[in-house]
Amino acid sequence: MSFTYPEGGPTADLLIEATGKTLGEAFANIALGMFNVITPIGEIAEEQEFELVAEGRDLDSLLFNLMDEFLFIHDTEHLVPHYIDIQVDMKNLRAFAKCAGEKFSRETHEVGISVKAVTYHKMKIVETDGQWFVRIVFDT
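One point on numbering: in numbering that gives the first Met the number 0, the residue at position 85 of the sequence shown is 84, and numbering is uninterrupted.
Since no wrong hints were added, every one of them can be taken at face value.
Keeping only pairs whose Cα atoms sit at most 30 Å apart, straight-line, the calculated BS3-like set for lysine-lysine is:
id, residue 1, residue 2
1, Lys123, Lys97
2, Lys90, Lys20
3, Lys20, Lys123
4, Lys97, Lys115
5, Lys20, Lys97
6, Lys123, Lys90
Using C-beta positions, here's what the derived DEER-type ranges look like:
id, residue 1, residue 2, range
7, Lys123, Ala11, 19 to 27 Å
8, Asp59, Glu109, 26 to 34 Å
9, Ser60, Glu106, 36 to 44 Å
10, Arg105, Val125, 34 to 42 Å
Don't read these hints as lab results, they were simulated from the structure. Keep in mind that this is a model prediction, so the values were computed, not measured. No residue lacks a Cβ here, since even glycine has one placed at the ideal position from N, Cα and C.
Using the sequences and the accompanying hints, generate a full structural model.
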């Protein structure tokens with residue numbers, strides 16, 4: 000996992016930066032970083048597998064839509080992944096996520112920060128020397 004929470008981000012929001020050898024790995028690290036503030040993902044078991052698919056008109060909208068799908072599955076089914084593998088189809092701007100995790104329970108999991116929504120604010124996706132860098136801000 001490679002994600003950070005840089006200082007100086009918006010005060011009511013969550014700024015996450017992540018890297019990866021592939022765009023899919025960087026996207027997965029962003030999602031894991033988001034879930035890690037909801038509850039420590041190191042304590043999440045890989046009991047249930049689930050998949051997500053997202054599309055976009057460009058890389059920014061693809062990231063936005065994918066993170067929105069992660070928030071939706073968390074809000075509706077209370078799922079929190081411990082493992083995420085994302086494959087990105089650059090030609091068709093589609094992302095396929097395979098995940099393993101478990102349902103969040105206030106009785107058994109630490110309650111962290113509530114993530115409410117994805118934003119385009121300060122979003123950045125760039126590849127440099129074979130390494131992907133991704134930045135995103137979530138409303139909390």
